[in-house]
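Those protein sequence lines, which keep their order, are chains B and A. Sequential numbering of the first sequence, starting at 1, is according to the numbering used here. Sequential numbering of the second sequence, starting at 1001, is according to the numbering used here.
Calculated from the structure, these hints are not laboratory results. Nothing here was measured: the structure is a model prediction, and the numbers come from that model. Treat each hint with caution, since some may be false.
Okay, the calculated beta carbon distance ranges per label pair [unchecked claim]: (1) Asp-1068(A) to Lys-52(B): 25 to 31 Å; (2) Arg-126(B) to Leu-1276(A): 39 to 45 Å; (3) Ala-1245(A) to Asp-208(B): 52 to 58 Å; (4) Asp-1185(A) to Thr-214(B): 23 to 29 Å; (5) Pro-1357(A) to Gln-317(B): 55 to 61 Å; (6) Thr-214(B) to Lys-1085(A): 40 to 46 Å; (7) Gly-183(B) to Ser-1364(A): 28 to 34 Å; (8) Leu-355(B) to Asp-1185(A): 30 to 36 Å; (9) Asp-68(B) to Cys-1352(A): 48 to 54 Å; (10) Glu-124(B) to Gly-1061(A): 29 to 35 Å; (11) Pro-362(B) to Leu-1330(A): 55 to 61 Å; (12) Asn-1081(A) to Asp-208(B): 24 to 30 Å; (13) Asp-208(B) to Glu-1124(A): 34 to 40 Å; (14) Gln-317(B) to Leu-1276(A): 53 to 59 Å.
From the three backbone atoms N, C-alpha and C, an ideal C-beta is built for every residue, glycine too.
2 protein chains.
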Amino acid sequence: MAAISRIDLVRSELEKLDLDACLISQHHNIFYLTAFQGLSEQEREAWCVVTKEKIYLITDGRYIDSVDNSNLTIRELTAENALPKILSGIIKEEKVTSLGFEAEDLTYHEYSYFKKNAAVSLKETRRLVSGIREKKDDEEIAAITEACRIMDQCLKEVSGAISLGQTEREIALTIEWWLKQHGSDLAFDPIVAINEHAAIPHFNTKADGDTKVTAGAVILIDCGALNNHYMSDITRMLVVGKPTAEFSQAYQALLEAQEIAIQLLGEKQHYKNVDLMTRAFLEKKGYPSYAHSTGHGLGLEIHEGPKVALNSKDTIQPGHIVTIEPGIYLKGKFGIRIEDTVVIDETGQPRCLTLSPKALIPISV
Amino acid sequence: MAAISRIDLVRSELEKLDLDACLISQHHNIFYLTAFQGLSEQEREAWCVVTKEKIYLITDGRYIDSVDNSNLTIRELTAENALPKILSGIIKEEKVTSLGFEAEDLTYHEYSYFKKNAAVSLKETRRLVSGIREKKDDEEIAAITEACRIMDQCLKEVSGAISLGQTEREIALTIEWWLKQHGSDLAFDPIVAINEHAAIPHFNTKADGDTKVTAGAVILIDCGALNNHYMSDITRMLVVGKPTAEFSQAYQALLEAQEIAIQLLGEKQHYKNVDLMTRAFLEKKGYPSYAHSTGHGLGLEIHEGPKVALNSKDTIQPGHIVTIEPGIYLKGKFGIRIEDTVVIDETGQPRCLTLSPKALIPISV
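Input sequences plus hints: build the corresponding full structure.
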């Protein structure tokens, strides 16, 4: 049922753009519309064409038998029946004169190839399906809520088991293993960063996570779970023993900033103002601005629309799910980030889906 | 040192194409040329421009401090200093008149955006860096050899621990955990497929791997390890107890086909003939052709050039590393694939880098 109404939304977008049909290439968008699931995010394993009458799924012999969706018209890619030929067939059959394509996904080479080999006028579209995906339906909100619940539980258990001498990489691996043992998966490679490593907003724990937990260490953990294709995202700070006064003060300022930012989601019209005011609040307290956005949408992808950033044009709308994650980074000293996954409810009010306590998490070792 | 000679190869390609410079966007190609490593394969975290004089690495505030390579000229992306502006600066400074771009990687939208905003003639290139990457240097061969050794060891230990009642997904998770515990990682999600599941060449173990190991089961395991950014790929078949005569016969035929295919790498000029003759051999024995290619190059990516396929134009050359993986798939019954990672040595002869025994692996439970 969900898939049908998503297709209706695509068709209504096509009508607005005066297009007869569109070619969908981005694999998350294909999954969203058809539930097709290949093996790889890196390779073209399927294509989807939405016309006024039909939804075509185009894939090859490796996957064709696994497609189980009676709403779809299947076309098989073979050496003799390559994509331009299949597209030309659909175009002819359904009298398509203008075919939209996803300009943010199709490569220049693919575009040139189709242009040369398929007899149809190709029209650039932007955010055609990604735009629709920004507003989550009930099924999606439920999946993300559950991904948040799983992550909260994991974070609680993993935090409780941290010990002196463990490296950042080992803690990250513990998170991964917990999720996989519980039928979930990583939404992204966790960032586990101790002391000055936490001052690097995108610290690469896999590559550089050799620092060990010591007495007095503050630990940033930024992680997310995958549940039924949907993701969660949370950052919490842990401390071994008593933190310094400088750290505690910064933590309180950031916590206040993050809670104000969440509240602003229910008050402002545009995400850019949430970003702007959160930065302003921290700057007024004497902290430097952070070199990343205040937040981002998430769902099938860890970073998707809307953007919670200074350059965002997006308006805050019911059904959006975004992270709110300001940070304070003092190079060579420490970094702090506090992050929640937040849904905008039907009345336009923000509600945190990640429910881990937001006070500094004490580690007893 | 290696990075320098790679850049020389790029510059000599540019000269052939009559280009002053090129913009590299594909993240594996950026890593290959600069050793830059971001966090995500899905997002544009850096760009590289190779000119006659310099190698520019362009990235943002999240990563700029982590770049540690004195051969590189760094440019920082900021809100005020977006990519077209940086590109325009480089173009002007270095008097670039024609800038190549990677047509197989740049999206149509990015292309249009640069075309509109950077004052330079953009020229489509294909396989500019990927083509160079096909021939592995000694450092790369060593990394892949080690990835093969790790995978062989993992396969041996994991096979030895398989027990009745384990699901396909659990075995896949055991492989993953073994690799991660040993400082390695997955090259791709392992395929573990029991009995008729193995007849699906790209069986999705994560999604559908609920079948349990039982007496008489045959188990296909297709997996690879990641070592220092480089990958290995192997497929072996395991059997619990005594296989059927039909299976044993098919296994012998396939093993013979796979060994002939490897041998042909040392005899033929073109990969397409290796593919053709391997299929012909199996068809003559009465088995159906397989719905995938006979093999593929691998290295930083699990699928890269050259192609070992009917439609391949690639010639067999020293330094190439490819998989050889013919299969027999009998729908509803069983599937068999035997796969090795093979290097073409300096004398043009094939040498297996995966060294796991190729006889059916007996599982005692």
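Right, here's what the structure says about each hint:
In this structure the hint that Asp-1068(A) and Lys-52(B) lie 25 to 31 Å apart at CB is violated, the actual value being about 55 Å. Judged by the Cβ atoms, the range 39 to 45 Å given for Arg-126(B) and Leu-1276(A) holds: they are separated by roughly 43 Å. A C-beta distance of roughly 55 Å is found between Ala-1245(A) and Asp-208(B), which places it inside the suggested range of 52 to 58 Å. Against the hinted window of 23 to 29 Å, the Cβ-Cβ separation of Asp-1185(A) and Thr-214(B) comes to about 27 Å, which satisfies the hint.
A hinted range of 55 to 61 Å for the beta carbons of Pro-1357(A) and Gln-317(B) is consistent with their spacing of about 59 Å. Between Thr-214(B) and Lys-1085(A) the Cβ separation comes to about 44 Å, which falls inside the hinted range of 40 to 46 Å. Checked against the hint of 28 to 34 Å, the C-beta distance between Gly-183(B) and Ser-1364(A) comes to roughly 29 Å, which is consistent with it. A C-beta distance of roughly 31 Å is found between Leu-355(B) and Asp-1185(A), which places it inside the suggested range of 30 to 36 Å.
Take Asp-68(B) and Cys-1352(A): their Cβ atoms lie about 38 Å apart, and the range 48 to 54 Å is violated. Restraint check, Glu-124(B) to Gly-1061(A): a C-beta distance of roughly 31 Å satisfies the suggested window 29 to 35 Å. The given range of 55 to 61 Å is respected by Pro-362(B) and Leu-1330(A), whose C-beta atoms sit roughly 59 Å from each other. Between Asn-1081(A) and Asp-208(B) the beta carbon distance is about 27 Å. The supplied range of 24 to 30 Å therefore holds.
At about 37 Å, the beta-carbon gap between Asp-208(B) and Glu-1124(A) stays in the expected band of 34 to 40 Å. For Gln-317(B) paired with Leu-1276(A), a C-beta distance near 56 Å keeps the hint of 53 to 59 Å intact.
Taken one by one, the earlier hints fail for this structure at numbers 1, 9, listed in ascending order.
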